[in-house]
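Participant: So you can see what is in the structure, the chains are spelled out below.
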Amino acid sequence: MNKIMILTVVLAFSLFAQSYKVEKVQGNVKALIGNSEQWVDVKEGTMVSSSTVLLTNKNALIMLSGRGIKFTLKPSAALSVNSLKRMTIDELLLALAMEEILSTPAKRSSDKTMNTAIYGTDESGNKTAVLPANTLGDLKLNGARQLADNGYKETAILAAKETYRKYPTTQKNAVTRLFFAEQMMNLSLYGEAFTEYTEIQNLQLNDTQTKEVQTKIELLKKKLSGM
Amino acid sequence: MNKDFIFSTESNPTNFSSVKDLAIGVLFGAEFAPQIASNLYALGIAKTIGRSNFFLRYSPGFFKEFSLQKNQSIVGNDSSDISLKTDLKYQEYFSAGYSYKISEKLSGGFTLNYFNEEFSQDAIGAVFSDSSLTLIRENETETMKLWKVQVGTDYLFTPSLRLSISASNFLNMKNGSLSETNKAFELRTPKNLRIAIYSEPYPQVEMNFLYETKKAVQVCVGKTFSFDKSSFSLDANYFSDFSLTGIQPSATFRYGNICASLSGVLYFSKIQRTASLTDLTSSGISNLVNNKYSSNKAMINLSYLINTSQEKLVQFVDVVVPTSLFPTFTERFVDEPFAVARVVNLSDKPVSVKPSSKIDKINSELIYSPNVVVQPKDTASIPFYTIVSEQYFSSRHEISFANFYVTSENREADDEVQKPLLINSSNAWDGEVSNLRYFVKKDFDFSAATAKGLLAKHKIEFDTVTASLLNFLQAKILFAEIITGMLYIADPLASNDRVQFPHETIDVKGGDCDDLSVCLASFYESIGIETAFVDYKTNEQSRHVHLLFNTNLSPAEAGLITQNDKKYYIRKNSLGEEKIWIPLETTERSNFANAWEKGVEKFSNEALDQLGLAKGTVQIIEIY
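Line order of the protein sequences matches chains A and B. Residues 1 to 227, numbered by my numbering, are exactly what the first sequence covers, in order. Residues 1001 to 1624, numbered by my numbering, are exactly what the second sequence covers, in order.
Because the hints were derived from the structure by calculation, they are not lab data. Predicted model only: the values in this text are computed from it and were never measured. There's no promise every hint is true.
Claimed, not checked - For lysine-lysine, the following DSBU-like pairs were computed, each having C-alpha atoms within a straight-line distance of at most 35 Å: (1) K1602/B <-> K74/A; (2) K1215/B <-> K85/A; (3) K1602/B <-> K24/A; (4) K70/A <-> K1598/B.
Stated by the list, open to error - If the Cβ cut is set under 8 Å, some of the chain A residues that face chain B in the computed set are: (5) S36; (6) L92; (7) A95; (8) S103; (9) P105; (10) Y167.
Beta carbons: idealized from backbone N, C-alpha and C, even for Gly.
The task is simple: from the sequences and hints, build the whole structure.
Facilitator: Here it is as structure tokens:
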């Protein structure tokens, strides 16, 4: 019995150490906890763990505190609580390299395609979705921007890149991509920024954006060549 | 050597031989005396067996006869004079040689020559009758058998410089008794030491020098001209014992295994056409072929070499083999050598080496590896590959032997080496997660047949699901049919050195993390669902493995399987298309959803949050 109590205390402390207190909730704020498939309402005074994703609707916001910080997620945004952490440039570079390792499998001898054609009606549907996937992606990018605006540039970049991969339509959002490419430059991640601007160059851009991208690419070329 | 091997016992008392296998030869000679006499001089055969060389020669033409008149005569019954004479006959019937190669540089040997000496003396005999005394000629014949022994040694300083030292007539044996008169005619056998240097100062140029303590010298110079399959050589041999001097020129042509030589002996000294009793009594003869009563002669020597044991061109220096072999890692043997040898080229030309090997109990025939060209006198590393049959299976560890061969242009291997090798059981595993793939593939036929049978029971579900969900649904059903309800069974020795094949896991209804992951991956891969192992190396004592599989859904289709984007990962295929992969913790056997969630928890925490993928403590290993 004593052992169980000790374990419970340690677990609670551990959870508490990685959790934030919900100081304020305004409007409709939802949370997706751990591996759950259900979005649930968030109430003031409760604790949210780092494995939680928070989502604010239009005109909604949530204020968190804990681990020495206070953070407010503004309206129309989604954010993984796990992103509320400081990261060094080295850790960011490692994380970016890791994403590359994960997303690019070693070449297989032949890629398999579906070997059986299936005919029938799609009845799987998305019956429990709170938001269309595209919308959730845009909200996550908003959340990432808010992270950056609050000084969490490293985790903001990671969150943005993950969003691009999991919600491919967000890759076409030139404004957001330019914003995060700028963040990379600010962190002196010239190689990563150069790759990003090169990809942005292929999007549909207005004249101002095109000029900005070209300027940045030229600047990064000089920096990368050591001039 | 091959051109004059038939003179072995004369010119080569140590029986030093370069005959690789077998040589046979015949020697004809003609002596330019007042009456030209031609003879079959000798028949010879030389054979090398291992380090030993044997030589045997029958020499009907090696003889010398003298018929000398005595200063005595008798009057016969018809009043005619009957003169008395002495007949001397020396014959070498045969000779034999033996040598042993003690090392690559040192050899020793001996030769034996068997002589028969026959001396006939006419004498006056008296026959008494009733009234008279008649004188008649009587003949008395005595014989002596002689074994002449020569022993010596040869040392090769370099392949082109050899020193030969021999002694003769120290151990001779005789059989027979002679009268004092006949003893004077015996073959002279003075004790003699012979020192010879054989050299090749320039390529294909021979220079030999010989000195004998009985005061004789020889100098020989020769030059060989090599062509594609033939060679031609010219030699001149000057000899002198300060009483008999001469030169022996020879021309030799060799084509393949056949060698023909024409030589002559031309004496500079004054040759005595006739011998006298006084002369023979005082100095005698010591050599039946060359002596002061010999005439100029010509000889034809024909030799045939049979080379069943060819010249060794390459040789092993060493072979590095693994301490043990994992027979299930079949494809690995095709890509990676199982052993590496260092091989030296002994010849003066580049040699293309054909390596081959055979592992007892694994290979039923020789397995050839790619040829490697080794430069003259150079050493090269040669990889040996092998093949393990898909059908091979052994439940026990076994000690075996790996036989390695290197073959050059020869029919047989130039060299071979045998090394002991531990062959692990077919279930053995070296602990490298990347090698689990071989266990996945081994049971593909079983897995495919079983998977199709299990999925066939769910036809209705497939008929009503969208096409893009096919992989996911198949994976989910197979998990439920195969993994759900299984037992977690640790390895027998609490180690990671044994992995079950999928059919074994099905049979025993359980296994540990690698057994269950291998089993599920085999079923998935057998029906076209891509999989990857996730290797958690954070704890050296007990590593862990689970699966990732490709749902073949695009990121935009993620909503079909989950509303939580933390539960999947995006990976590109070789076409650059992004697909959704999800992890499965195969030891979570309750149901698919729980295995998925447990997989996500472990992967997200250790591979992503703790940067395990970047730090190398977690590794994703594609199965194919």
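Participant: Indicate, hint by hint, whether the structure satisfies it.
Facilitator: A quick look at each hint next to the structure:
1. K1602/B <-> K74/A: holds, 31 Å
2. K1215/B <-> K85/A: Between K1215/B and K85/A the Cα gap is close to 105 Å, so the pair fails against 35 Å, i.e. violated.
3. K1602/B <-> K24/A: Given pair K1602/B, K24/A holds - Cα atoms ~32 Å apart, limit 35 Å.
4. K70/A <-> K1598/B: Within the cut-off at roughly 31 Å; holds.
5. S36: holds, 7 Å
6. L92: Violated. Min distance 10 Å.
7. A95: holds, 6 Å
8. S103: holds, 5 Å
9. P105: OK, holds: P105/A within 8 Å of chain B, min 5 Å.
10. Y167: holds, 7 Å
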